[in-house]
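Heads up: the protein sequence lines correspond to chains X and P, in order.
Mapping of the first sequence onto our numbering: residues 1 to 344, in sequence order.
Mapping of the second sequence onto our numbering: residues 345 to 857, in sequence order.
Honestly, the hints are just simulated from the structure, not real lab data.
From the three backbone atoms N, C-alpha and C, an ideal C-beta is built for every residue, glycine too.
Heads up, a few of these hints could be off.
Stated by the list, open to error - Here are the simulated DSS-like cross-link-like pairs (lysine-lysine), alpha carbons at most 27 Å apart as the crow flies:
{"#": "1", "chain 1": "P", "residue 1": "672", "chain 2": "P", "residue 2": "758"}
{"#": "2", "chain 1": "X", "residue 1": "143", "chain 2": "P", "residue 2": "672"}
{"#": "3", "chain 1": "P", "residue 1": "392", "chain 2": "P", "residue 2": "504"}
{"#": "4", "chain 1": "P", "residue 1": "392", "chain 2": "P", "residue 2": "760"}
{"#": "5", "chain 1": "P", "residue 1": "504", "chain 2": "X", "residue 2": "143"}
{"#": "6", "chain 1": "P", "residue 1": "570", "chain 2": "P", "residue 2": "504"}
To be verified - Not close to chain P: a few residues of chain X, all C-beta gaps over 10 Å, as computed:
{"#": "7", "residue": "57"}
{"#": "8", "residue": "181"}
{"#": "9", "residue": "225"}
{"#": "10", "residue": "229"}
{"#": "11", "residue": "262"}
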Amino acid sequence: MAYVEKDEVRVSADEASQELSNQTTRSTPLISSLLRIWWEQAGMLVVFFAVFVGCALFVENFFSRVNMISLMLAISTLGMVACTMLFCLASGDFDLSIGSVVAFSGVLAAVVINRTGNVALGITCAIAAAGAVGLFNGIVIAKFGINALIATLATMQIARGLAFIISGGRAVGVSQESFFLLGNSSLWGIPTPVWITLACFVLFGFLLRQTTFGRNTLAIGGNREAAHLAGIAVDRTKIIIFTTQGLMAGLAGIVLASRMTSGQPNVSEGFELQVISACVLGGISLTGGVGNIGCVIAGVLIMGTVQNAMNLMSVPTFYQRIVTGVILLSAVLFDRLRQHQSRA
Amino acid sequence: MNAFLQFEHISKTFPGVQALGDVSFSVSEGNVHALVGENGAGKSTLLKILSGASAPSAGCVRVAGTERRFASSAEAIRAGVAVIHQELQLAPDLSVAENIYLGNLPARIGILNRKQLRADAQRQLQRLGEDIDPFTPIRQLSMAQRQMVEIAKALARGAKILAFDEPTSSLSSREVQRLFAIIRELQRANHVILYVSHRLDEIFSLCDSATVLRDGRHVQTFTDLKTVSSDMLVNSMVGRNIADVFQYQARAHGAMALELVGVSSRSLPKPASFGVKQGEIVGLFGLVGAGRSELMRLLYGAERMRTGTVHICGEPVVIRSPADAIRKGLMFCPEDRKQHGIVAVRSVLENINMSARRIHSHAGVLINERWERANANRQIRQLGIRTPSPRQLMRNLSGGNQQKAILARWLSEKIKVILLDEPTRGIDVGAKSEVYSIIFDLARQGVGVVIASSDLPEALGICDRLLIMRHGEIVGELAREQASEAAALRLALPAGESVGARQCAEGEVNGLR
Numbered sequence: 001m002a003y004v005e006k007d008e009v010r011v012s013a014d015e016a017s018q019e020l021s022n023q024t025t026r027s028t029p030l031i032s033s034l035l036r037i038w039w040e041q042a043g044m045l046v047v048f049f050a051v052f053v054g055c056a057l058f059v060e061n062f063f064s065r066v067n068m069i070s071l072m073l074a075i076s077t078l079g080m081v082a083c084t085m086l087f088c089l090a091s092g093d094f095d096l097s098i099g100s101v102v103a104f105s106g107v108l109a110a111v112v113i114n115r116t117g118n119v120a121l122g123i124t125c126a127i128a129a130a131g132a133v134g135l136f137n138g139i140v141i142a143k144f145g146i147n148a149l150i151a152t153l154a155t156m157q158i159a160r161g162l163a164f165i166i167s168g169g170r171a172v173g174v175s176q177e178s179f180f181l182l183g184n185s186s187l188w189g190i191p192t193p194v195w196i197t198l199a200c201f202v203l204f205g206f207l208l209r210q211t212t213f214g215r216n217t218l219a220i221g222g223n224r225e226a227a228h229l230a231g232i233a234v235d236r237t238k239i240i241i242f243t244t245q246g247l248m249a250g251l252a253g254i255v256l257a258s259r260m261t262s263g264q265p266n267v268s269e270g271f272e273l274q275v276i277s278a279c280v281l282g283g284i285s286l287t288g289g290v291g292n293i294g295c296v297i298a299g300v301l302i303m304g305t306v307q308n309a310m311n312l313m314s315v316p317t318f319y320q321r322i323v324t325g326v327i328l329l330s331a332v333l334f335d336r337l338r339q340h341q342s343r344a
Numbered sequence: 345m346n347a348f349l350q351f352e353h354i355s356k357t358f359p360g361v362q363a364l365g366d367v368s369f370s371v372s373e374g375n376v377h378a379l380v381g382e383n384g385a386g387k388s389t390l391l392k393i394l395s396g397a398s399a400p401s402a403g404c405v406r407v408a409g410t411e412r413r414f415a416s417s418a419e420a421i422r423a424g425v426a427v428i429h430q431e432l433q434l435a436p437d438l439s440v441a442e443n444i445y446l447g448n449l450p451a452r453i454g455i456l457n458r459k460q461l462r463a464d465a466q467r468q469l470q471r472l473g474e475d476i477d478p479f480t481p482i483r484q485l486s487m488a489q490r491q492m493v494e495i496a497k498a499l500a501r502g503a504k505i506l507a508f509d510e511p512t513s514s515l516s517s518r519e520v521q522r523l524f525a526i527i528r529e530l531q532r533a534n535h536v537i538l539y540v541s542h543r544l545d546e547i548f549s550l551c552d553s554a555t556v557l558r559d560g561r562h563v564q565t566f567t568d569l570k571t572v573s574s575d576m577l578v579n580s581m582v583g584r585n586i587a588d589v590f591q592y593q594a595r596a597h598g599a600m601a602l603e604l605v606g607v608s609s610r611s612l613p614k615p616a617s618f619g620v621k622q623g624e625i626v627g628l629f630g631l632v633g634a635g636r637s638e639l640m641r642l643l644y645g646a647e648r649m650r651t652g653t654v655h656i657c658g659e660p661v662v663i664r665s666p667a668d669a670i671r672k673g674l675m676f677c678p679e680d681r682k683q684h685g686i687v688a689v690r691s692v693l694e695n696i697n698m699s700a701r702r703i704h705s706h707a708g709v710l711i712n713e714r715w716e717r718a719n720a721n722r723q724i725r726q727l728g729i730r731t732p733s734p735r736q737l738m739r740n741l742s743g744g745n746q747q748k749a750i751l752a753r754w755l756s757e758k759i760k761v762i763l764l765d766e767p768t769r770g771i772d773v774g775a776k777s778e779v780y781s782i783i784f785d786l787a788r789q790g791v792g793v794v795i796a797s798s799d800l801p802e803a804l805g806i807c808d809r810l811l812i813m814r815h816g817e818i819v820g821e822l823a824r825e826q827a828s829e830a831a832a833l834r835l836a837l838p839a840g841e842s843v844g845a846r847q848c849a850e851g852e853v854n855g856l857r
């Protein structure tokens, strides 16, 4: 699925229907090719539905209203940041600093709100500071040509350090109640963070598909040098990608702090790897140039559902990690297998 | 004589292109067999099949009568087949000895036996008359020495069949003589030698028999080269009149399209000046490393300009990046299509619209889907790009169609000058003549065209004027009427080079590309 785009599939669907009109007597080619197209197109979403139905049938309390909402909430932070990680991966890079930036932004918001009593100011400062970390990543990677692994590994440490310093190493409880609205209110029965995540899916899906920025991102990931020689502003695009990644991590940090009613410097350890895992699980290639928002959604949903089900079945946390690792590995193997099939 | 190595009805198809069709011939023990043909004739594909790097779509290889299907290079090596590639496959930081016994190092319970390694490697090298310390890193060796290491490596693995792919391309004439002596030695030791080269003099002095490939087809096998004249071999390789491929047409030239004065950069320190008129096709010819690509990249803003001024259609322009160049109407097709030209994992449509979409997008941001589809379809139709759909991934197209897609990228722009760096490298003959006709069309529309080529017949065949480069400098100019291979080479070859080398290079250029 990673290498197949929607439109390509649409074309082969046309071909398939032509094939049918040529051979009306034989119905198998149509059905099998339609199945194949559907499979290539929506493979991971199919897997998600299978997992979801399985959980609903066999895990007690899974398909209850309360659990559905807590599932959506659990996914929301992951989903938000995965949207911008999609751009990083599509451009052939990745960002390891986001977990620390989430913590840093939550703590900073809490501290500023407590000092000034102004919620809007706190939120603005936190998002701006997170954006600055992203901008810094982007400049170091694009302009100085430092490998993204190294650059974001460094900012991961720096941002985490800053989070501990400004919080004094402890959770910072927020005194202004209006700050809690962001994470704990809901609209039409669905929590606000979920709405934000849905908006992000729509926005970033649109950006990748329908704007020159998105298409340039994919071209850069596919072949950076060719993109540069075709007149694409490679450095600027990369800086924008990392800056939005920082801004999104900042937003996610604030939503998380609001849900927890405090800024905590030690949250989201290993979050970056969860986000990258979710994207890869959905079928996004680490080599760049390929990807769409559908992959992200599928990956995030599968990851969240499995974790939620394990919690309900009270699988011990240590075992959950093993399960997550096995799922990631088998998803990637499975995807490779599928690609070999569709190529043959 | 019984055939030791047999190719039986070998075919190989890639998406969109047939690289080999029904190739059959055989080579017996103690025989040096030449494999000849133009670029893209299928020689390297055949070697890949022999070495196990790729599998034939049909047919098989027989070694000593047994049918073999090598699934990997390791299997080919076990069966006694070694291919000495043009780009040698040695690990540069490991020692000579380690390279010779790579994957097969003498060791006891996993611990390397350095003493035995040294002795074994020394023995292998002495067989070839090489006197290198076995623990020298490959990095410190000359190309000729590396080649000897590669041969030693093949023999150490018990190779019976050795295939050489253009082995003399980076050797001096003395080194060539040594290599030949070794090949003759191997021949006496009853090895089977397959020798790929486009240098006819080498083939006639070394080989006993020859197989000619053209456009992936087996044309002819000469079992005794002594009875064959050089003309006979050439005719069977080319099989057509070269002028037919180019279809040169004279055009009227307009005002200056591109003019540069005293342009230099770090990699091109000597200032270059020349002009190209609208509708004119100017060739940049020179040997490898003469600075053609560097000059083009510099003009295109891919490298920093140190001094000099550039005018496009009479207007002074400052170009700091490829994006600047494109906005000013100056386009560039790079030499290395895979690395610098195409985005293999994106569609043909994406590749065509990559650059020009910024002009047609809504508010400079939103993709104009209707234009994108219309433009891609128009370009695919007009340039005859063979693809099942605009959404086909670029990597599934043949080299010629990929090149046409890159040209389509620039034809979607408002184009005043185009720089083409080796536009027909590695594409088949049919696609070549299509590319030439696109170039002539562009020139007729008043575009100034600059073509860098190391293929002299091509440069002479399509250009109105040739600029000759040598050591990063433009050293001469030849109008079409006065241009000849001899005149161009006299300028392109370094002064003071021995007559032998000159003949050798002439042989290379005449020698049937």
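The hints, checked one at a time:
1. P:672 <-> P:758: 9 Å, holds
2. X:143 <-> P:672: 25 Å, holds
3. P:392 <-> P:504: 17 Å, holds
4. P:392 <-> P:760: 42 Å, violated
5. P:504 <-> X:143: 53 Å, violated
6. P:570 <-> P:504: Holds. Residue 570 of chain P to residue 504 of chain P sits at ~25 Å (cutoff 27 Å).
7. 57: Given a closest Cβ separation of 39 Å, the condition holds.
8. 181: With a cut-off of 10 Å, residue 181 of chain X remains clear of chain P, as the shortest Cβ separation is near 33 Å.
9. 225: Violated: least Cβ distance 5 Å, not greater than 10 Å.
10. 229: With a cut-off of 10 Å, residue 229 of chain X comes too close to chain P, as the shortest Cβ separation is near 5 Å.
11. 262: Nearest chain P Cβ is 39 Å from residue 262 of chain X, so the label holds.
In this structure, the earlier hints numbered 4, 5, 9, 10 are contradicted, and the remaining ones agree with it.
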